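Chains A and B supply the protein sequences, listed in that same order.
My numbering applies: residue 6 is where the first sequence begins, and numbers increase by one.
My numbering applies: residue 1164 is where the second sequence begins, and numbers increase by one.
Don't read these hints as lab results, they were simulated from the structure.
This one's a predicted model, so the numbers in the text were calculated from it and none came from an experiment.
Any given hint might turn out to be false.
The list that follows gives simulated cross-link-like pairs (lysine to aspartate or glutamate, DMTMM-like), each with its CA atoms no further than 25 Å apart [unchecked claim]:
| hint | chain 1 | residue 1 | chain 2 | residue 2 |
| --- | --- | --- | --- | --- |
| 1 | A | K188 | B | D1503 |
| 2 | B | K1298 | A | E189 |
| 3 | B | K1182 | A | E126 |
So the derived list for chain B, only partly shown, Cβ under 7 Å to chain A, looks like this [said to hold, decoys possible]:
| hint | residue |
| --- | --- |
| 4 | P1258 |
| 5 | F1267 |
| 6 | R1272 |
Now the in silico label distances, taken between C-beta atoms and shown as ranges [said to hold, decoys possible]:
| hint | chain 1 | residue 1 | chain 2 | residue 2 | range |
| --- | --- | --- | --- | --- | --- |
| 7 | B | N1192 | A | L133 | 57 to 65 Å |
| 8 | A | L120 | B | G1401 | 39 to 47 Å |
| 9 | B | E1173 | A | L149 | 53 to 61 Å |
For each residue, glycine too, the CB sits at the ideal point set by N, CA and C.
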Amino acid sequence: MNPKRKRFHRLFSGRKAGVLLGLCGYALFALFPILWVGMMSFKSHRDIVSPTPEILFRPTLENYRAILPRSQEGPHETGRMDFLQCFRNSLRITLGALALSLAVGVPAAYVLARLSFRGKEDIAFLFLSFRFAPEIAVIIPVYLLFKELGLYNTYLGLILVYQLITLPLVVWIARGYFEEISKEVEQAAQLDGYSWWGIFTRVALPLVKPGIASTAVLTFIFAWNNFVFGLILGARETFPGTVATLGFISYESVLWGQMAAATVITILPPLALSIFIQKHLVRGLTLGAVRG
Amino acid sequence: MAGITLENLEKYYRDPSRKERVPAVRSLNLDCRDGEFLVLLGPSGCGKTSTLRLIAGLEQADAGTIRIGGRVVNDLSPRQRNIGMAFENYALYPPLTVRDNLVFPLRARSVPDAEIERRLQFVVSTLGLAGILAKRPRELSGGEQQRVSLGRCLIRDADAFLLDEPLSHLDSELRMRMRIELKRIHHRTRQTTVYVTHDQLEAMALADRIAILRDGWLQQVGTPAEIFERPANLFVAGFVGEPPMNRIEGTLESESSCLFFRPRGSSFRIPLPDRTGRDLASAPETGLVMGIRPNRLSLGTDGGGPGLATRVRVYESLGEEGILEAEAEGCTLLLLVDPDLPLRSGESIAVRLHTDSIVWFESAGGRKIFPN
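In isolation and in its complexed conformation, chain B is listed as follows (with noise of 0.2 Å):
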């Protein structure tokens, strides 16, 4: 086992019909310590899977360098570095039955006879493969393609496990269903993990860290909780918690050593606490961005808070939970309310905003500014 360093990492691709070289991964500094399972999220084209297959060996970096346990890899061969990694599409090899495929890695490394026999034991017992060992992958299910993929990356002794996306072909309930057998493998073997994916439900559920880049930059880095309470930019914010976090525009207005939020447009605005003062002093009074995450509004005029006179756009009950969309003025705002709620569109409704948890952005270039 071993921790991955990336420094100063870079890879561009050619263009062919553009003859222009297109970036994919730009100055990236990252650290998957040993045992973490860190998780690159971010939207398609933002370069987590090109910066996994530069770990992989793959692709070759085109700046920078890359660590496994300390040893330098750029120039060694995938077979070289070390890594086991599962694929988006498991690519398990269809002429062979199960049992083959999680020991083809193995073979290639001439393991003896009777320790693959122990890792082969070992590996289906943690992943309840005993009952397919004879099939062949086309007449698997999803998930078991799925459990026979991960089955092969675990069967090496490998110094880290690459993921891309392994959970993006199934199901929901699958989805979630392995999602928690994931974390139980990875509780149990601490392997140094790191996985690639689009969904930042899945990054949350299963992350020690999680690093979002976006058009091949690195935006944060962080746990889960910091990520998701203090996201370092606009568009961290918007890309992390569904339903995303609220993101108004406005600017700051002191009236008798008060101050208030104006959102951009309106005619009303939001009074804040004192402290908030000192807390903005470095900020500029114009283009601020308030931004306030779903599950901190909420519905009535009751207790602490500024409230605020709103409209109920559209409201969606969920089962479990209900999502409002309130509207003042130009100025819309979502709500994590209750699923059983008597709201009619149009009508009028007090919502109250809890300013603890207000997180203040730059409106050029987003950049967060409190707290910090």
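So that you can see chain A by itself, here it is in the shape it has in the complex (with noise of 0.2 Å):
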């Protein structure tokens, strides 16, 4: 036998086969719905709405043309918002959500590294709080809050209530890389006379460097992803594009291949930002939950 099929064989054989079969049904499961979302985007109409679902069909770009720019005789004006608006505004949010969050989190996250004071399991426990109500559920009471303060539909609001996802994010996977970074180093230069600012400036942050860039991304995602919190805190001029997909669905008709379109480039960042940093990203996801 050649070492090729050899291995074709290994790989093949008893349970290894079954997980790899398993896998491949589940990738399949859980790309099929991107794979049909992208395929609708470059479909007319009527290839949409036909009771016969074409593989084969005749691709065409109008879709992806009439939710751009200078696309003004796209066919229904009526009540749909300005998608580009809206992705700007979920990069403006999401941005800015990350940028509160890595500036706040970070130096908490160092403290609660290496710090050890009072009740620090409590705060960091807060933290991580955030994220255990289902963001539907807190939802009234912040909307009624922010109606009063007059964060409703404004940035700066959507960026606050953002930080329920980012900071948690940032805070814990931060904190296992500080972890990481042996105690002597930083108690060396200590001893060399560094004070505390400088150690974090000049001796922990630039270690935490890589691992910092790939929080940074997993927490971009998590938030450019989010739905509810833009749907009911923002309205017409501070919808993200999340939301801006349902714009396409009104009294009359639901714009399908638009509201394709529209995933499909609302997708995309994220997307590319995934593949980019693949590697780093599943030790981000799982250096959180190892931890003690």
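Quick one: dock chain against chain with the hints and give me the complex.
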């Protein structure tokens, strides 16, 4: 048997084959909707609503043309929001939330990793507890609060409420990275004459920079994918891209094709980032989980 | 440069699981003179590293005073204490080159560039680092990392050096080379140094004086020769020396004005010279431990000193020396002998004791009785 065949046999023998088959099945299950939406975005309206779905169809860019700028002749202007504006909103809110979380969360993570003080674990747990309640459970009180404070339908308001998603991620993952730095390196810096802040910026931060970068990407993806906060706490001016897809549903019809095109465009940034940092992403996802 | 004085130093750690304080250092009085090389020696958990970290200011003392060069430093931060410290795992900054690692402590104190360059040259020539200045820590061998770590200590105009097991991660040949190197550097710089190790050989080789710790308590301070020849108690006797000192428990017996030592549970007894009676005048007749170094026992019956009839149990030939474990009625003796002896297990053999170098201990408490 030549080595190639041998490898083939080893790969497809017994339990391994079963596992592989299972994973393939799951991948198909998970990726099929994306494939479907991708195909739909290139179909004409007639092909989409046809009772017999076609695998082979005549692709068209008309859906993309309709939602991108200089396409005033879009078929249904009424009630439809400017998709590109929403995409920009997404960028603004997500990046704003990420920046705030990094600025606040990274120093917090460092303190939680290094200093010992009363109630430290409680504070760390408090950050984590942001993620416990489903967003929908807190959204009504937050809505009333935002109305009262004038944060409703503002970028600032959305950036603040997005901290519920981004801050726990940043704090917990970055804390894991900081804990991995050998204490001696920081103590050596202490003896060398660096202040607490000097050690943080000149010793600790450079060492965890790659980790922080992948944390940022992961956090970006989570924030980008949020739907409920934007839907309830935003309005036409501040809706993120995820909410914009709803706008293609109107009383008379559902613009499936344009909705699919908008979805594809909205998926692109997190998808590209995920592929880019795939290796680090797995580590980032499991890091917070395994620590005791 | 400055001496270091510790007075009644105490340190406790909180054990979170049991909510009680675990003692690490207990009323320690110790003095490292200006320019001295003091080694803190003891098994793991004896408080030696805690003591070092207390001096550095990385831990806060619970009681007592720490003086560096006469100045009380208890409330000073590590950076104000002006101490250089080398860590067990070297603690180099991974993203920086060797050169940047070396000057890192100087940058922190904003030393002028010309001065940095001068000191760098000194350290590079002292430690032989010229070839590796542009490398990063992970590209270095263990020995090189170790030298850089020392260099980072040396480059500063520190009042004292604290070295925490700096050789423990090196293989044995390199460890010996670095030991000699360390000795050479100390001779050259005459820097006050406190060195922590669990390796008694390292301690014997490097120290001007050794301080032996156990469970936080100081056992003995002295020159290597003092520690080796007159251990203050049974713990020190067993800890220092490879193989360790023979310790035989038994009682004194006198018969027609001659003095004998009878090991517990045996029918034979060892005749002792007359003056031993005077030496042990204050000692109890029972509950004594006779301590004798393996190199103060020899084979054969000729020459002075009382002989013992023993049986060979194990003979290890180690190339340069041999270690013989001999047995006489349940009493085991270790001997340092030649490596090429035709000894077989079970063989009868006579062992001779050099009674001059016997050290006597109380068996209760283990304190040394003689010599004083």
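Going down the list of hints, with the structure as the test:
no., hint, in the structure
1, A:K188 with B:D1503, "violated (50 Å)"
2, B:K1298 with A:E189, "holds (21 Å)"
3, B:K1182 with A:E126, "holds (17 Å)"
4, P1258, "holds (5 Å)"
5, F1267, "holds (6 Å)"
6, R1272, "holds (5 Å)"
7, B:N1192 with A:L133: 57 to 65 Å, "violated (48 Å)"
8, A:L120 with B:G1401: 39 to 47 Å, "holds (41 Å)"
9, B:E1173 with A:L149: 53 to 61 Å, "holds (57 Å)"
Of the numbered hints stated above, those contradicted by the structure are hints 1 and 7, listed in ascending order.
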